[in-house]
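Chemist: Chain order of the listed sequences is S and Z. Position 123 (the first sequence) corresponds to 123 in my numbering; numbering is contiguous. Here my numbering = 1-based position in the second sequence + 1000.
Simulated from the structure, these hints should not be mistaken for lab results. If a hint is listed, it holds; no wrong ones were tucked in.
Once the Cα atoms are required to be at most 27 Å apart in a straight line, the calculated DSSO-like pairs of lysine-lysine come out as:
id	chain 1	residue 1	chain 2	residue 2
1	S	Lys269	Z	Lys1046
2	S	Lys218	Z	Lys1142
3	Z	Lys1052	S	Lys265
4	S	Lys46	Z	Lys1269
5	Z	Lys1269	S	Lys84
6	Z	Lys1269	Z	Lys1199
7	Z	Lys1265	S	Lys79
8	Z	Lys1199	Z	Lys1265
9	S	Lys142	S	Lys265
With beta-carbon atoms standing in for the labels, derived distance ranges:
id	chain 1	residue 1	chain 2	residue 2	range
10	Z	Asn1048	S	Thr43	47 to 53 Å
11	S	Pro97	Z	Ala1194	53 to 59 Å
12	Z	Asn1032	S	Thr96	20 to 26 Å
13	Z	Glu1103	S	Asp145	54 to 60 Å
Glycine is no exception: its CB is placed at the ideal position from the N, C-alpha and C atoms.
2 protein chains.
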Amino acid sequence: MSSRPVYIISDQTGITAEMMSHSLLTQFPGVNFDVNTLPFVDTDDKVNDVIKQIDQALEASGVEPLVFITFVDDAHRDKLLTCKGRIFDLFGAFLTPLESVLEVASSHSMGVSHGIVDPVRYTNRIGAVNYAVHCDDGLNTKDYDQAELILLGVSRAGKSPVSLYLAMHFGIYCANYPLTDSDLESQELPSSLARWRNKLFGLTIRPDRLQQIRHERKSGSRYATIQQCRMEVSQAESIYMRSRLKSADTTSLSIEEISSRIMQKMNLKRDAY
Amino acid sequence: MSSRPVYIISDQTGITAEMMSHSLLTQFPGVNFDVNTLPFVDTDDKVNDVIKQIDQALEASGVEPLVFITFVDDAHRDKLLTCKGRIFDLFGAFLTPLESVLEVASSHSMGVSHGIVDPVRYTNRIGAVNYAVHCDDGLNTKDYDQAELILLGVSRAGKSPVSLYLAMHFGIYCANYPLTDSDLESQELPSSLARWRNKLFGLTIRPDRLQQIRHERKSGSRYATIQQCRMEVSQAESIYMRSRLKSADTTSLSIEEISSRIMQKMNLKRDAY
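Using the sequences and the hints given, assemble the complete structure.
Modeler: Written out as structure tokens, the structure reads:
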């Protein structure tokens, strides 16, 4: 089956255009897409070059290329509209109605959504990412006073990626702590964590999925047996229950889904980037 | 000045809706927005509750709330359209024209863009995040054979957040290596790196900005003097030049902008999430 050519084109990073078009295209699981992202298309020459590529893709594939665009420069956008692809102008579709509701003109070249729009928020976000690395995997528990959130879980339950996503995307100061064998056996919250109870959130996972992940990492070890995984998961869940911690099962959720749910359950302020 | 109420509503994570509306709203820097994100609005009761909130916001503020939505469930979306806010249907605006070009119906409930659509890609992405943590800040250089990219830079030039973003967002296996005093003095690539020359990318930064960042971290140390920052930056840039490495100045670029530029300059395949 031949592929449908897709071009994602922006005079900025192209990240918004990529995310939106990805969201739209996943609604058509039966179609093969050949996706090309071309960011920083911000000169006449680059625009001309892109038009040539799109027109050639039409000739080569015989089907109309889909062209998703986000442009802040109107002249470059207007030039691009002359290509032979089908244009989906992701900003343009909403800016005119927004201008009419808000009764102000949009500021085109100033609106660089993935640039450093607000230096204070931006610095906070970098601080949050550095903090998540600093307090990854049980490191530096002495600095938990700065945490807004502390994720708990057995080894390989998905703590690190979620902590980093929360920091990167929402600017949350998030630590994560692996429940050790002795924590699990004692069936109590580690004493170093008990004072931060209102910041704690438990991650859990189905034992068979945990076993699969651990097997890929350390095949043949006791750590990767189904018995061990079952025991650890049930001990961890029991600690969450006894301590009345909020928790989530990561088994079939993506990083984004887990992160959004934690933000909601813990009532954390979203400050999305 | 009173704020314009904004509601970002989704029956999924709301992340696409947040990013798109953020991009659009930054085009109106003169307007104050009071932004509320409500993800996982996936039952009749939740939809009714959201409608009530929006209608109350209109009464309280006296201005029409902006309502950005991404829904996969048509019935819930249709119900939401009855609220008194101005609706911007971020998916709806494009799905119908896409269906007509592609000549297939979209698969509504299946199209969960931030879920685990493709388990192989998803597992690769988690692997990339774990690798970026494993090889952060010069750790585990023995595992550089797995890297697709190795970022170099002086301390606090922005290596860690960029590595993690590239892993999280594009699934890139990215290590980062801090140039040490002895590396800088020798004016040569460290021997452990020389064999990976085609994976290396240099980050640089203006000395006054570096000094500011280091000052916030370790005020009063030699590390944070402008003389030290100037010397380290010039030595690092000299190493990049001599070794003919590609490089970028992070001073006034956001994580997203640096990451997009690196992807482009190093010709890495974008696999965006």
